[in-house]
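Mind docking chain B on chain A? Use the hints.
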Amino acid sequence: MKTFSWLIRREFWENRAIWMVPVVIAAALVLAALFGKVELTALTSPDQSRVVGGMVLSAFSVTFFLIMSLYATWYLVDCLYADRKDRSILFWKSLPISDTATVLAKLFTGLVAIPLVYFLAADVSTVLIAFIISVRARSTFGSSLWQPDLWLQLQALWVYLIVTTAVWYLPFAGYCMAISAWARRAVMLWTILPPLALFLLERWFFGTHRVGSILWDRAVDYLPLAFHSSSDHAAWMTTVVDDNSFTAPSSVWRLIDPVGFVSNPATWIGVVVGIAFVVVAIQLRLRRTEM
Amino acid sequence: MPALIEARDLTKKYGKHTALDRANFTIESGRIVGLIGPNGAGKTSALRAILGLSPYQGHLRVLDREPFTERARLMQDACFIADVAVLPSWLRVDHAIDFVAGIHPRFRRDRAMALLAKTQIGGRRRMRELSKGMKTQVHLALTMAIDARLFVLDEPTLGLDILARRAFYDALVNDYMDETRTILLTTHQVEEVENLLTDVIFIDKGRIVLDSSLEDIATRYAAVAVTADQLGAARDQKPFYERRTLGKTILYFERPDFDKLAVFGEVLTPSVSDLFVAKLS
Numbered sequence: 239m240k241t242f243s244w245l246i247r248r249e250f251w252e253n254r255a256i257w258m259v260p261v262v263i264a265a266a267l268v269l270a271a272l273f274g275k276v277e278l279t280a281l282t283s284p285d286q287s288r289v290v291g292g293m294v295l296s297a298f299s300v301t302f303f304l305i306m307s308l309y310a311t312w313y314l315v316d317c318l319y320a321d322r323k324d325r326s327i328l329f330w331k332s333l334p335i336s337d338t339a340t341v342l343a344k345l346f347t348g349l350v351a352i353p354l355v356y357f358l359a360a361d362v363s364t365v366l367i368a369f370i371i372s373v374r375a376r377s378t379f380g381s382s383l384w385q386p387d388l389w390l391q392l393q394a395l396w397v398y399l400i401v402t403t404a405v406w407y408l409p410f411a412g413y414c415m416a417i418s419a420w421a422r423r424a425v426m427l428w429t430i431l432p433p434l435a436l437f438l439l440e441r442w443f444f445g446t447h448r449v450g451s452i453l454w455d456r457a458v459d460y461l462p463l464a465f466h467s468s469s470d471h472a473a474w475m476t477t478v479v480d481d482n483s484f485t486a487p488s489s490v491w492r493l494i495d496p497v498g499f500v501s502n503p504a505t506w507i508g509v510v511v512g513i514a515f516v517v518v519a520i521q522l523r524l525r526r527t528e529m
Numbered sequence: 579m580p581a582l583i584e585a586r587d588l589t590k591k592y593g594k595h596t597a598l599d600r601a602n603f604t605i606e607s608g609r610i611v612g613l614i615g616p617n618g619a620g621k622t623s624a625l626r627a628i629l630g631l632s633p634y635q636g637h638l639r640v641l642d643r644e645p646f647t648e649r650a651r652l653m654q655d656a657c658f659i660a661d662v663a664v665l666p667s668w669l670r671v672d673h674a675i676d677f678v679a680g681i682h683p684r685f686r687r688d689r690a691m692a693l694l695a696k697t698q699i700g701g702r703r704r705m706r707e708l709s710k711g712m713k714t715q716v717h718l719a720l721t722m723a724i725d726a727r728l729f730v731l732d733e734p735t736l737g738l739d740i741l742a743r744r745a746f747y748d749a750l751v752n753d754y755m756d757e758t759r760t761i762l763l764t765t766h767q768v769e770e771v772e773n774l775l776t777d778v779i780f781i782d783k784g785r786i787v788l789d790s791s792l793e794d795i796a797t798r799y800a801a802v803a804v805t806a807d808q809l810g811a812a813r814d815q816k817p818f819y820e821r822r823t824l825g826k827t828i829l830y831f832e833r834p835d836f837d838k839l840a841v842f843g844e845v846l847t848p849s850v851s852d853l854f855v856a857k858l859s
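Taken in sequence, the protein lines are chains A and B. The first sequence runs contiguously to residue 529 in the numbering used here. The second sequence runs contiguously to residue 859 in the numbering used here.
Simulated DEER-style distance windows between Cβ atoms:
hint	chain 1	residue 1	chain 2	residue 2	range
1	A	Ile430	B	Lys591	31 to 37 Å
2	B	Trp668	A	Leu304	23 to 29 Å
3	B	Gly593	A	Pro462	45 to 51 Å
4	B	Ser667	A	Ala265	24 to 30 Å
5	A	Ala297	B	Ser667	34 to 40 Å
It is worth saying that the hints were derived from the structure and are not from the lab. The beta carbon of each residue, even a glycine, is placed where N, CA and C say it ideally should be.
Isolated chain A, as found in the complex (with noise of 0.2 Å):
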């Protein structure tokens, strides 16, 4: 256990990124609230207070957790590689520790020590902000902003999000590390080239689509797995804003669908498919030490 957190500290002395992204971010959000045009109508109703609120501060969340999705992409094909590539796998193999603890650190680096950062900077740059628009725009729209129950439905949001896309991207994580560990390279390239040139052969050969619809289906149906998407479901609320309707969640608790994202096999085909990748880029690990 201690050598594992030595393991992720490491990462973070690596990867300074990922922590500087997120804060770079967050600054920026808190500079765009400071000093820019705060230009809003006046909210009448509770229920307009909640959804408009709801919906500024799950769009900084959600800000956020679009660039974490690419940094981890990133950072998960690159992990296995940058090592190998400057040779200081020589360095780190000649202590003791093993390759699966080397690789299992990096995978929880990747899936949950990165989005945890920028769960941090989403929750300090949104209190902030929610405070600075208060302050500017306390008349109209400042008090929606400012709801403790809103603030915790956002902080079980992001432990929902990260639980379940660390579950749900599992096999793309595991992919993208054995590529990472395997390719001597152009690892980018040929993290993508596998699946595409299965995708054409697919259908060149046979003129069907399924590689393209497994690969497009994982990626796209986590949303409607993990969470009650379909806007006439309870969970959703319509409310007009000026003569705009908005359809926002009523809360995060009637949103998420936790049994419904742990009852889908696909849920669990895809825990089963990522760890096959996983121990695939721990085997490589061990035998290629070099380019």
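Frame of chain A; chain B shown alone:
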């Protein structure tokens, strides 16, 4: 007590190329062993196998472990520097010490700090800011602070200037070596290390050509410089290698009759580098 390293029929193939061909050798504890061979002879393949960095065929025990499957545990009692420039460029000196101290049960931080204090290297500097010689000093400080029984060095001084090389080997022998430790190193600059070695293993084309202590070399090999008129008589003693120098020919013998050689002149023990050239030609 079993040998520290024991290899029997150690073989390593890369596709059709055989890098190690049924190599047999043993290394006892408390020795400084030079694994010597020309480029591409299989030195690095042998070390990679010993350190558990690559799979192999044949029998190999290092510190009574099977290196490939037990690398992590092996590295608690063994350590290595595989050429000099492998400390990652982004790593800070103080972080490197913290990390190794955090994960290595036999690392002695005070010792590493004492070794580093002798240098002019600041703790907050990153490896990319250090010269090759400084990086070597940091790596050596990190590694020598580990209470390991086996220390393996692969071409440790490659790319270093003569001053840094000399300092490196001085530190190794004076600050590190004692009877509880064993050093195994490879180099192709034999002259530089022959005075500190206790044993040599010559390797060529994946095969072990010689595995001997220096004491045994003195009793087993001899070199005599003879003039042209003695050459025919000296050749009757069956030298395995001849080398011509100014006006004389140096003949090399294995297990000769020393009394018979003495009539041709002074019988010398060949130096490791001479023996290396003689054996591999």
